[in-house]
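Enquirer: Spelled out, the chains give:
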Amino acid sequence: MRHTINLFLTLTAFWLLNSGHYSALMLSLGLGSIMLVLFIAHRMDVVDHESQPVHLSLKLPGYFLWLFKEIILANISVVKHIWLGNSSISPSLTTVKASQKTDIGKVIYANSITLTPGTVAVDLVDDKILVHSLLKENIRALEAGEMNRRVYQVEN
Amino acid sequence: MDVAIEITSSICLLIGSFLCVSGGVGILRFPDFYTRMHAAGVTDTLGAGMILIGLMLQSQDFLVFAKLVMILLMMLFINPTASHALAKSAIHNGLKPVLDIKERNNTESESSSR
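Read top to bottom, the protein sequences are chains A and B. Per the working numbering, residue 1 is the first one in the first sequence, and the count goes up by one each step. Per the working numbering, residue 1001 is the first one in the second sequence, and the count goes up by one each step.
Incorrect hints may appear among the rest.
Claimed, not checked - In the DSS-like style, the derived pairs of lysine-lysine whose C-alpha atoms are separated by at most 25 Å in a straight line are:
#, chain 1, residue 1, chain 2, residue 2
1, A, Lys-128, A, Lys-80
2, A, Lys-128, A, Lys-101
3, A, Lys-69, A, Lys-59
4, B, Lys-1096, A, Lys-101
5, A, Lys-97, A, Lys-128
6, A, Lys-69, B, Lys-1096
7, A, Lys-69, A, Lys-106
8, A, Lys-136, B, Lys-1088
9, B, Lys-1067, A, Lys-97
10, A, Lys-97, A, Lys-136
11, A, Lys-97, A, Lys-59
12, A, Lys-97, B, Lys-1096
13, A, Lys-106, A, Lys-136
14, A, Lys-136, B, Lys-1096
15, A, Lys-128, B, Lys-1096
16, A, Lys-69, A, Lys-136
17, B, Lys-1067, A, Lys-106
18, B, Lys-1067, A, Lys-128
19, A, Lys-97, A, Lys-80
20, A, Lys-80, A, Lys-106
In short, the hints are calculated from the structure, not lab data.
Please construct the entire structure, taking both the sequences and the accompanying hints into account.
Expert: Encoded structure:
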């Protein structure tokens, strides 16, 4: 029920912000389409804690701020190596361990790795993530486990 | 106040454009598929992000602002999924990443100097 209400509120905000028309006819059509989407989502059985992670909503903003800082630093480093040229990069393919227990924690971790330029999560098997990185330093930073620990804190 | 916002917005747009151009140069310069994907990541994240933030500062209307925020969020959620799908299908179809850049560069320069 909590997840349905959350999906309803998200869809309502999305519709209101995208439409910008507030006449009675438009609002009722919007409500109708939101109800249709809710019905279809229920039929598809996708309204659960994975598509609507409300239990994480308090901890996610802090993690996003930290991730934003990491993305800026990684961007600066990658741009530097783009202009320095091919001789300055050292690509590598390594597996790193994900210590998250739930699927959603692993997805957050793998997506964070891909979102920071310089590292891409290529494959995920059980708790091992295959990572391709532009520099050896990036892999060392991942193995130090700062990001892993922060995602672990978010899911618990 | 208006001048300050105008200047900040211009700086954001300039930095964003520079990052997008850098991403493009990286795509042309880097040796193989996987390293090129990292260069494309610069354009996807901070390049587009800075341009969107610059446009947000310019927007007079709340609805326009909200739409730009939505575009930014959608991009940050969809891009890693798309990159991961690309990389995964590349490795599962047997595309090997180039790992020893320095050796390859050395052999190339030796063979070209002969």
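Enquirer: Take the hints in turn and mark each one as holding or not.
Expert: Status of the hints after comparison with the structure:
1. Lys-128(A) with Lys-80(A): 30 Å, violated
2. Lys-128(A) with Lys-101(A): The hint holds at about 12 Å.
3. Lys-69(A) with Lys-59(A): Holds, because 16 Å separates the two Cα atoms, which is no more than 25 Å.
4. Lys-1096(B) with Lys-101(A): 31 Å, violated
5. Lys-97(A) with Lys-128(A): Holds: Lys-97(A) and Lys-128(A) sit about 5 Å apart, inside 25 Å.
6. Lys-69(A) with Lys-1096(B): 32 Å, violated
7. Lys-69(A) with Lys-106(A): Roughly 21 Å separates the two Cα atoms, so the pair holds.
8. Lys-136(A) with Lys-1088(B): 21 Å, holds
9. Lys-1067(B) with Lys-97(A): 37 Å, violated
10. Lys-97(A) with Lys-136(A): 17 Å, holds
11. Lys-97(A) with Lys-59(A): Status holds; Cα separation ~22 Å.
12. Lys-97(A) with Lys-1096(B): 22 Å, holds
13. Lys-106(A) with Lys-136(A): Distance of about 23 Å is within 25 Å: holds.
14. Lys-136(A) with Lys-1096(B): It holds: about 18 Å lies between the C-alpha atoms, which stays within 25 Å.
15. Lys-128(A) with Lys-1096(B): 19 Å, holds
16. Lys-69(A) with Lys-136(A): Holds. Lys-69(A) to Lys-136(A) sits at ~20 Å (cutoff 25 Å).
17. Lys-1067(B) with Lys-106(A): 30 Å, violated
18. Lys-1067(B) with Lys-128(A): The given pair, whose Cα atoms are some 37 Å apart, is violated under the 25 Å limit.
19. Lys-97(A) with Lys-80(A): Answer violated: Lys-97(A) to Lys-80(A) is near 28 Å, above 25 Å.
20. Lys-80(A) with Lys-106(A): 30 Å, violated
Hints 1, 4, 6, 9, 17, 18, 19 and 20 from the list above are not met by this structure, while the remaining hints are.
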